[in-house]
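Based on the hints, put chain B in the right spot on chain A.
2 protein chains.
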Amino acid sequence: MTSDATPALDPAVADRLKRDGNGLVAAIIQQHDTREVLMLGWMDDEALRRTLTEGRVTFWSRSRGEYWRKGDTSGNVQHVKGVALDCDGDALLVQVDQVGAACHTGSRTCFDGRDLPIVTDQSVTTDGDPAALEGDARG
Amino acid sequence: MTSDATPALDPAVADRLKRDGNGLVAAIIQQHDTREVLMLGWMDDEALRRTLTEGRVTFWSRSRGEYWRKGDTSGNVQHVKGVALDCDGDALLVQVDQVGAACHTGSRTCFDGRDLPIVTDQSVTTDGDPAALEGDARG
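So the protein lines, in turn, are chains A and B. Sequential numbering from 1 applies to the first sequence in UniProt numbering. Sequential numbering from 1 applies to the second sequence in UniProt numbering.
Just so you know, the hints here were simulated from the structure itself, not pulled from any lab data. Ideal Cβ positions, reconstructed from N, Cα and C, are used throughout, including at glycine. Do not rely on the hints blindly, as some may be mistaken.
Stated by the list, open to error - Examples of chain B residues toward chain A, derived with CB under 10 Å: (1) L40; (2) R62; (3) E66; (4) N76; (5) V80; (6) D90; (7) A91; (8) L92; (9) L116.
In isolation and in its complexed conformation, chain A is listed as follows (with noise of 0.2 Å):
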């Protein structure tokens, strides 16, 4: 028997994810080659359906309630070259080659240039001072 419906997650992943209350597991974007963090994004069974047999990204957006791909505007799209889902089925680890910037700010990732200051007994260090980060955190 086949079927006309919309295709489905196939059962034998969608058996190992662990949903929040919102139906979506974290899905971490990193550059295959050079292994740099891109973004964090939010898959739900379908957006991760999409990134398995589309060849790129779909997340789905929290605040627009809606499936979206990087790069549809921008054309920063993001390829998709392997997926692996963690021990505990809640976080998807996906290895893209990533077209341009990763961030909407026009960064190449969503984390540069925002750290946090880390306080310790001996040191603070700031933002914009990456040479403090290098140093002895442990306290």
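Using the frame of chain A, we list chain B on its own:
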């Protein structure tokens, strides 16, 4: 004025967090030098405060409803090297120096050996076939 109350997360940081319905943000844990993505955990304000001030990573366990630190039982501790918050405030990237295995299963990362099959028009890749994942998955 000083206070004996439990210290709070720096308001300048707290104001930037976009928490989910349970008051949590996602925390990506990355080995600072090799750039391996080791795991993903969850933090509330207090877990982040501890992470920024105590030199080791503290998480909030969604399943157990308690704070926990990697390594308290296994010895596989995570020393904090840097923390960045993403552009929209719902994800942290924590650079660590991970002692031993990051995964409770004993694997180096929580994603090792857990690839999902990618199905495009031209190819099917499956778990346990890393070579296939290196192919062109763009369809």
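Here is what the structure says about each hint:
Evaluation of the L40/B hint against chain A yields a held restraint, the C-beta minimum of about 4 Å falling below 10 Å. Hint status for R62/B: holds, given a least beta-carbon distance of 8 Å to chain A, under 10 Å. With 10 Å as the threshold, the beta carbon of E66/B stays out of range of chain A, its nearest partner Cβ sitting at about 16 Å, so the hint is violated. The closest approach between the C-beta of N76/B and any C-beta of chain A is roughly 14 Å, which is over the 10 Å cut-off, so the hint fails.
Taking 10 Å as the C-beta contact cut-off toward chain A, the hint placing V80/B at the interface holds, the least distance being around 5 Å. Nearest Cβ of chain A to the Cβ of D90/B: about 7 Å, under the 10 Å cut. The hint holds. Of the supplied interface hints, the one on A91/B holds, with its beta-carbon coming within about 4 Å of a beta-carbon of chain A, less than 10 Å. Given the 10 Å rule on beta carbons, the hint for L92/B holds: about 8 Å separates it from the nearest Cβ of chain A.
Taking 10 Å as the C-beta contact cut-off toward chain A, the hint placing L116/B at the interface holds, the least distance being around 5 Å.
The earlier numbered hints that this structure contradicts are 3, 4.
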